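Number of protein chains: 2
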Amino acid sequence: MARKPTKSGKIRLTEVAKLAGVSPITASRFFRNPDALSLAKRERVDSAVKELGYVPNLAARALASHRTEVIGVVIPSLTNSVFADVLRGIYDSSEQSRYSIQLTNTRYSILQEEKMLRLFRAQKPAGLIVTGINQTAESRAILETMDCPVAQIMEIGDSPVDMMIGFSHYDAGFAAISHILEQGRRRIGFLGARMDPRVQRRFDGYRDAMKAASLFDPNLVVTTTVPTTVTLGGTLFADLIAKTPDIDAVFCVNDDLALGVLFECQRRQISVPGEMAIVGFNDLEFMASAVPSLTSVRTNRYEMGRHAITMVIDAIEGRRPREPVLDLGFQLMIRESSTPQTA
Amino acid sequence: MARKPTKSGKIRLTEVAKLAGVSPITASRFFRNPDALSLAKRERVDSAVKELGYVPNLAARALASHRTEVIGVVIPSLTNSVFADVLRGIYDSSEQSRYSIQLTNTRYSILQEEKMLRLFRAQKPAGLIVTGINQTAESRAILETMDCPVAQIMEIGDSPVDMMIGFSHYDAGFAAISHILEQGRRRIGFLGARMDPRVQRRFDGYRDAMKAASLFDPNLVVTTTVPTTVTLGGTLFADLIAKTPDIDAVFCVNDDLALGVLFECQRRQISVPGEMAIVGFNDLEFMASAVPSLTSVRTNRYEMGRHAITMVIDAIEGRRPREPVLDLGFQLMIRESSTPQTA
DNA sequence: CAATGCGATGGTAGCGCTGTCAATAATTGT
DNA sequence: ACAATTATTGACAGCGCTACCATCGCATTG
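Chains as they are written, first to last, in the working numbering: chain A, 857 to 1199; chain B, 857 to 1199.
By construction, these hints were calculated from the structure, which means they are not laboratory data. What you are looking at is a predicted structure, and each value in this text was computed from that prediction instead of being measured. Accuracy of the hints is not assured; some may be wrong.
Below, a list of computed lysine-lysine pairs in the DSBU-like style, where the Cα atoms sit at most 30 Å apart [unchecked claim]:
id: 1; chain 1: A; residue 1: Lys980; chain 2: B; residue 2: Lys874
id: 2; chain 1: B; residue 1: Lys971; chain 2: B; residue 2: Lys866
id: 3; chain 1: B; residue 1: Lys980; chain 2: A; residue 2: Lys866
id: 4; chain 1: A; residue 1: Lys971; chain 2: B; residue 2: Lys1099
id: 5; chain 1: B; residue 1: Lys906; chain 2: A; residue 2: Lys906
id: 6; chain 1: B; residue 1: Lys906; chain 2: B; residue 2: Lys866
id: 7; chain 1: A; residue 1: Lys866; chain 2: A; residue 2: Lys980
id: 8; chain 1: B; residue 1: Lys906; chain 2: A; residue 2: Lys897
The whole structure should be built from the sequences, with the hints applied where relevant.
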């Protein structure tokens, strides 16, 4: 314990084994499968490790064993707090396991994703979690030939590479619009930013719900590929209302936009929900606190992360799920912003 | 398991070299230092790599070379959007380099941090970026004996392990309070959540500024170790106003709390800034959009990440900065919530 | 023209660890 | 008690790559 961490000392497993009076392979087993050692040797190796301050060389371990204990996670964005919750779920459940997480982000670029997957392929991870189902052909090929379990998260679709944990963005969008229609609103605007594939599917849900009610009108839709901000919500709303002044509700593809719309309404003295209903998506924490509280579609992000990592770890260890596709659904959180004024 | 394709056999560098008609070491150089090859051989190796679909084995590379091209990043939280911006800066500047980022989070636990550092030590990263200056003794020892450049970010202090990029949270807190005092406010409340070391230093700045004006009063302070949320801002504000009804301003240690306070004021019909000034910290994007717009202390998070990764990469490649400590400062963003009503 | 320098290339040896499987010790059943 | 079985342990042989140094040939120099 009092021994200084050596700067120059090359302590290898061999040195540990020598001090403990066992063969190197036995010392190796001490780390991989301690139960296979007799109590006496286990203790001797243990104290030799401590005394020498032995630090295993992961590269050598990986080379010799053809395995690593790293699970790769590929997400589009770290700035988008939606993924923060997913990651929390992933980390929470990975921490009691032997596996460590290697996280990369693609900034919503499928080319960047491909590059990251190529890197992961060279690292031979024990498992892989990727976001969504819209990979390049090359990425898809890498995933399919990857010699480890793979989970696709955030949405569900046909033909999973391996496992899939998510929900239907289409259904969620459709459900949100159905709710607004039930409130008697007819001119429901759509505000979209970034327009990644999942947002696109929410739009499809909006469009089809509006069409089913014979209320779809392109003038109700304002989108941009610019990344989402609260401020952008206000800007898009201003564009929308300039184009189509008679709207009585807005569906925003995420909560940041919805908050921006609320602020813009306050600025313009438009009463919410009196003159304008607002519905967001994701149900971030602040939605319930806003004044008025904001309706949103709750997505089970933490659970998505938790299930994904659990399923991947189980698969690594040979416990394959009986059902590779897991639909975690969504919940409509109906609040003041989309219901009749109570006071 | 993602199913395997055709049994393609193992493609090693040897196979590539054979096909290209060169020695393995020349093929190896193709990856590490292509300029050292003659044009003819470079092209032969290049096409052999493509033809065989060669994927380098990073573990073997690391074992043989005693190096990796991974830079480890240790942050306390992925949920806290403050770090998202730092990470954006890190990723932006790392992407045009050869290095890849390995990210871990400690959930504000210095024990978890120690565990992550132990893992990194075994991986021999090319560089390391850690958050803050409050490590355990063991963590500190690991950092000091780590055979690679180390950057501590988010704050500055004495005795850096190696490099340090941040700003003074104490000064920032002090400056925020000075501004509020200049507006003529006297009963300035303090709302704090999580109370990690950096938040604690912001409090110190608040306390000393208040004491300097002979206005410090423990009844003005409400803190909790619970993680921050917008909703919590409202709750803490309610506690504060119940305890000390005559406050005329609130300094929140972060912007989420400040937004929660704004909502709570709206709920209670307390006019902002008329009856209550609000000042946040970090200047998240939504602060400027809120109604009224919210004053905050802008911290240069993106720049912090960018400088940290740049300095680490430079140090890896032998270009040590002449000054290891970089103070990126902060800016007070004065907005409606802390200034006299204009209309 | 020999001496010198240097760019391009290859041979030799491992890096530190673990898979395989055989060898030995301990335990059990009948 | 003795064979059969099961726990422990060790010897060997690489994993795929690169550091190190030697070598070769060609251009430059006086």
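Structure-based check of all given hints:
Between A/Lys980 and B/Lys874 the alpha-carbon distance is near 24 Å, which keeps this suggested pair within the 30 Å criterion. With a C-alpha separation of about 35 Å, the suggested pair B/Lys971 and B/Lys866 falls outside the 30 Å cut-off, and the hint is violated. Distance hint between B/Lys980 and A/Lys866 is fulfilled; the C-alpha atoms sit about 13 Å from each other, no more than 30 Å. The suggested pairing of A/Lys971 with B/Lys1099 is violated, with an alpha-carbon distance near 56 Å, which exceeds 30 Å.
A C-alpha spacing of about 47 Å is found between B/Lys906 and A/Lys906, which places the hinted pair above 30 Å, so the restraint is violated. Only pairs whose Cα atoms come within 30 Å are accepted, and B/Lys906 paired with B/Lys866 is accepted, the gap being roughly 15 Å. With a CA separation close to 27 Å, the supplied pair A/Lys866 and A/Lys980 stays within the 30 Å bound. Restraint check: the Cα-Cα separation between B/Lys906 and A/Lys897 comes to about 49 Å, which exceeds 30 Å; the hinted pair is violated.
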